[in-house]
Each structure stands twice: as structure tokens, then as C-alpha cells.
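All chains, full assembly: derive it from the sequences and hints.
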Amino acid sequence: MTETTLATPNAPPGTIPGWRGIAADWASDQRAFKHVSWGKAMMWIFLLSDTFIFSCFLLSYMTARMSTTVPWPNPSEVFALNIAGQHVPLILIAIMTFILISSSGTMAMAVNFGYRRDRVKTAALMLATAAFGATFVGMQAFEWTKLIMEGVRPWGNPWGAAQFGSCFFMITGFHGTHVTIGVIFLIAIARKVWRGDFDVERRGFFTSRKGHYEIVEITGLYWHFVDLVWVFIFAFFYLW
Amino acid sequence: MTNAAVHVEGQATQHALHTYVHDAVASGATHVEGQQHPIKLYLVVWGWLFVLSTCSYLVDFFGIHGHLRWSLILLFMVLKAGLIVAVFMHMAWERLALAYAILLPPVLVLVFVAIMVFESDYTHLLRVMFFASAS
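Which chain is which? The protein sequence lines are R and U, in order. Mapping to the numbering used here: the first sequence position 92 is 92, numbers consecutive. Mapping to the numbering used here: the second sequence position 123 is 363, numbers consecutive.
Treat the hints loosely; a few may be bogus.
[Claimed, not checked] As a list, the in silico DMTMM-like pairs of lysine to aspartate or glutamate whose alpha-carbon atoms are at most 25 angstroms apart: (1) K34(R) / E150(R); (2) K280(U) / D118(R); (3) K146(R) / D300(U).
[Unchecked claim] Residues of chain R placed beyond 12 angstroms of chain U at every Cβ, according to the derived structure: (4) T106; (5) A108; (6) F142; (7) W155; (8) R195; (9) F225; (10) D227.
By construction, these hints were calculated from the structure, which means they are not laboratory data. For every residue, glycine included, the Cβ atom is placed at its ideal position computed from N, Cα and C.
Here is the structure:
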């Protein structure tokens, strides 16, 4: 028993490999994802639903863009900045991308230290992740302000296809909301880690259930998803 | 004589086994609990995400156009998404029943994409026909 666990730490005893295992899980007449905690399974299912929402946004944007007879504004130029007299295309978005990727890196390490029950490092890395996220939202606020000043509205813009504005505010706005909620989520969980709630199995004020360090991984799932969505927005909205 | 030897040997083995199990349990307390991968793995993935993002940015910076642009952008996008889901979100180590339940539905969205491409072509055609100023 112990040896099996040691050999493959993440495969619980009784796991059948391959498609036979999938069939066995789904046909088990019990819960399908055996040994996957409810918290994690539910977060994944929530993220799947969120995937559909973002897919619909990106799809409607694609449809709008492909069907206009008026030229689409060139994102490379729209999101260019003048830095020290130099005109650098798309630089703002590039920096935002690097910041979000870095936040994913610190989050992944936070999960690791969480399972090692290193309270201080876990909380510090989660707060670093939150700080990156807040920076991202701040840069997005700057980006929105700049575009609104230049006359971009949900119903029009100075450079061409009117749908540019509605797509931009819809997609980046919804993503920014996700980041903001993620920052709040991160700070809340980081506080619990810092306080040692998961070491003493302190009960939550709302659910009155015992907390576990697994919540750090679940928070991480949400956070990485936000980064994941940005990968697609970066490719389809800014690079197209 | 032989019996004694076997006995001593057996005891030694048992002792060694006991220590081994004890160690396993001790390390298992932190090990079995959840996803444990070396920090180096995360740093390597982090590095790759930086490299791939830079590559995507350079595609735009150098003004590559046409099919090459799209091939490169989609390639870097898929690689980045794959790294994030597989390593950062630990999908590579999840139960297969969960992995397929989560990963297959988004793939089916591609059918929707195809439908909307046809639909937008049709809308575009109508606009060109009825609203003059085509581009």
C-alpha cells in the first residue's frame, strides 16, 4: 500500500490506466472522478462553463470582424505607445502579457509550498501573485482611459469598423473582471494561510467546514485559467 | 546454527523494512497530500511561457503576414495554453476521466467556430451586395 503510493504519488490505489480506467470511472455507479476532491472537480466544472462564455465572446468578435465591410482598426497601432520618443507597436499588451505570465509562475510555486505547509512562503507568493494581478488591472485601466480619450466607444471609433469598440470593451472588460475577482480571492486565501487556518483546521465563517491546503491549488486553478484566457485574447484580439 | 543465521537475517530485514515503511509514512505525510513537483519544473515552464510570448510579439513586431503569421500565432498560442493547463493546472497528473471530461468539450467548440465562419462569410456577402462601400 505504502509502496504503491510512493511509486506513483498522484495515482491512487486501484487506478486502471487508459480508456479502461475512464470507462470504469464513468460506469462506476458512484461518483465519476474518484479520488478527485469535490472542491477541485467543482472548480474545474466552473472553469469549463467559463470557457464556454469566453468562447462565445471570442466567436461573436470573430463573426463581427469577418463580416464588416469597413476596415478593422490595426491593433498593433492602436495599442502602440511612444516611449522615449520611440514608437513601439503593441508594447503595452506585451508588458501586460509578461506580468500575467509571471503571476502564474508565482502562483504555481505557492501551490507547491502550500502542500509543504510552508505558511510564510505560500502566503508571500500568493500576495505576489495578487500584486501582479493588480498591476495588470491597473495597466488595463490605463489602456481603457487612453482609448476612451482617443474617442473609442462601444458604438464607434475613429479608425474604422464600429464593432471594434464593443468587442474590445466586452472581451477585455470581462477578462479584467475575472482578474479583479481573482485578486480578491487570492488575498482572502493568503490571509487564511498566513493565519494558519489550514494547520489548525479552523472552520470557515460561512460554510463552517474545515479548510485544507488544497484550497491553494483550487485558487491556483482559477488564477491559471485567467492567464489561459489571456493567451487566447492576446492571439485573437491583439495579434490578428 | 543455520536457524540462528536465518533468524538474525530475518530480524535485520524486518528492521530495515520497518525503517523503510516508517520513512515512507513520515515523508508521505507531506508527499501524498497533493501535487508535489520540483520548483525547477515550474521555473522552466515559466521561462518557456516568456520565450513563447516573446515569439508571438516578434511575429507582430517584424510584421509577418499571411498564412505564416497565422501558423506561428496559433502554434505559440497552443503551446502556451498546453503548458499552462498541463503543468501549472496539473492536468497532466489528474485522473483521465476528469481530464477528458474537461478537455473534450472545449474542442467541440471548434464545430461552433466553423458554423460561425460560414455565417460571417454569408453576412459579409450580403453587406457587400446591399451596402455599397466594400473593402
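Right, here's what the structure says about each hint:
1. Taking the CA atoms of K34(R) and E150(R), the gap is near 54 angstroms; set against the 25 angstroms cutoff, the hint is violated.
2. A distance of roughly 17 angstroms separates the Cα atoms of K280(U) and D118(R); the hinted pair therefore holds under the 25 angstroms criterion.
3. Among the hinted pairs, K146(R) with D300(U) is consistent with the structure: their alpha-carbon atoms are about 21 angstroms apart, no more than 25 angstroms.
4. With a least CB separation of 9 angstroms from chain U, T106(R) falls inside the 12 angstroms interface cut-off, contrary to its annotation.
5. Under the 12 angstroms C-beta cut-off, the non-interface status given to A108(R) relative to chain U is violated; the minimum distance is some 4 angstroms.
6. F142(R), annotated as away from the interface, keeps every beta carbon of chain U farther than 12 angstroms; the closest lies near 19 angstroms.
7. Interface exclusion of W155(R) from chain U stands, the closest Cβ pair being 17 angstroms apart, more than 12 angstroms.
8. At the 12 angstroms boundary, the C-beta of R195(R) stays outside the reach of chain U, the nearest C-beta of that chain being 20 angstroms off.
9. Residue placement check: F225(R) does not keep its beta carbon more than 12 angstroms from all beta carbons of chain U (closest about 7 angstroms).
10. Look at D227(R): its CB is around 6 angstroms from the nearest CB on chain U, not clear of 12 angstroms, so calling it non-interface is violated.
Hints 1, 4, 5, 9 and 10, counting from the list given before, are not met by this structure.
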